[in-house]
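One line per chain: the protein sequences are B and G, in this order. Just so we're aligned, residue 0 is where the first sequence starts under numbering that gives the first Met the number 0, counting upward by one. Just so we're aligned, residue 0 is where the second sequence starts under numbering that gives the first Met the number 0, counting upward by one.
With a cut-off of at most 35 Å between alpha-carbon atoms, the simulated DSBU-like pairs for lysine-lysine come out as follows: (1) B:Lys101 - G:Lys72; (2) B:Lys106 - G:Lys72; (3) G:Lys39 - B:Lys101.
Simulated from the structure, these hints should not be mistaken for laboratory data.
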Amino acid sequence: MSRVSLYIPLGVFAVIMGLGYIGFDLGARDELPSALINKPFPEFSARLLEDPDRAITRADLLGRPAMVNVWATWCPTCLSEHEELMRIARDTDIVIVGVNYKDRPAKALQWLAQYGNPYDWVLDDRDGLLGIEMGVYGAPETFLLNAAGEVVYKRVGDVNPRIWRDELEPRFRQLGVTQSATPESQNSP
Amino acid sequence: MIRYPLRKLSSWLLLALLPATVALGASQIDTFQFADDVEKRRYRALIEEFRCPKCLNTNLAGSDAPIAQDLRKTVHRLVAVEGMSDQEVRDYLQARYGDFVLYDPPFNTRTWYIWLVPIGLGLLALFVLYRLQHSARVEHSGLDDEQQKRLQSIVAAKTDTGN
Numbered sequence: 000m001s002r003v004s005l006y007i008p009l010g011v012f013a014v015i016m017g018l019g020y021i022g023f024d025l026g027a028r029d030e031l032p033s034a035l036i037n038k039p040f041p042e043f044s045a046r047l048l049e050d051p052d053r054a055i056t057r058a059d060l061l062g063r064p065a066m067v068n069v070w071a072t073w074c075p076t077c078l079s080e081h082e083e084l085m086r087i088a089r090d091t092d093i094v095i096v097g098v099n100y101k102d103r104p105a106k107a108l109q110w111l112a113q114y115g116n117p118y119d120w121v122l123d124d125r126d127g128l129l130g131i132e133m134g135v136y137g138a139p140e141t142f143l144l145n146a147a148g149e150v151v152y153k154r155v156g157d158v159n160p161r162i163w164r165d166e167l168e169p170r171f172r173q174l175g176v177t178q179s180a181t182p183e184s185q186n187s188p
Numbered sequence: 000m001i002r003y004p005l006r007k008l009s010s011w012l013l014l015a016l017l018p019a020t021v022a023l024g025a026s027q028i029d030t031f032q033f034a035d036d037v038e039k040r041r042y043r044a045l046i047e048e049f050r051c052p053k054c055l056n057t058n059l060a061g062s063d064a065p066i067a068q069d070l071r072k073t074v075h076r077l078v079a080v081e082g083m084s085d086q087e088v089r090d091y092l093q094a095r096y097g098d099f100v101l102y103d104p105p106f107n108t109r110t111w112y113i114w115l116v117p118i119g120l121g122l123l124a125l126f127v128l129y130r131l132q133h134s135a136r137v138e139h140s141g142l143d144d145e146q147q148k149r150l151q152s153i154v155a156a157k158t159d160t161g162n
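Please model the entire structure based on the sequences and the hints provided.
So, in structure tokens, the structure goes:
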């Protein structure tokens, strides 16, 4: 009995090391859980980047699932995820709303002209106030909304083919969005 | 001739100003307007209290990250313009950025183990310590019951005669 109990400290040490290994391996650091998950997307009113006379509110996001993507021209990762966003816009029916976060509208418009525009709407959030309502702390961030306007999922970091396959697409399918529908889904819904 | 003492004087001046620059560097140089000192003090205390969402371990007051600047601006607006109480500001930020921004995590289903594991480990340590001491006392005498009894009687006899 006493022989066995000598190994207790080693066992405790192993457990602590194991927990530490799992804890660090989770990589939870860069994915701060959103406080908005399963909560309604905040009320807002934002002007359209391409049509400043028109304002979009939360009500415009209701009725079908949507993807809200926070981006800016100063954000290199936004450029690297752009191709995947273009593909999603081309291959699916999903409404993609861009939030142009703390950016200069002229630069943003030029960026969209140069690399293509995957968004159904681009909201002008040059002062980052909508970002704060959404709990954004960097770019890119991508929110999944259901038809009732509740946040289902939030991705911090880029949307790449792997994230689309593993995280986003299954959730959209659950929400009843059909993959690869009409090829032209770029017009305003 | 005259340059030398001047230089000396200026270096002394610089030295005297050094603490001031350190103080400036430590606190952010935002130019916010407040109605009174109470409001200003509340703002200062609040930005000291919240953790910057982008940083590992820096509060809003100490961070240069853009999001920290924005949140300081927001805290100022909530305090000075919207007239929120401290608790309302806390709730506002927590609703948007979650428990992460609070340095003092609440006790809930996601955080209970952070609070309980150290207490549990402490209790475990006490238990192990108790067991170790207890078994040491019994084992190291190396005597069986009979011998133990004899030892007791010898000690008793000794102390009787000794007195």
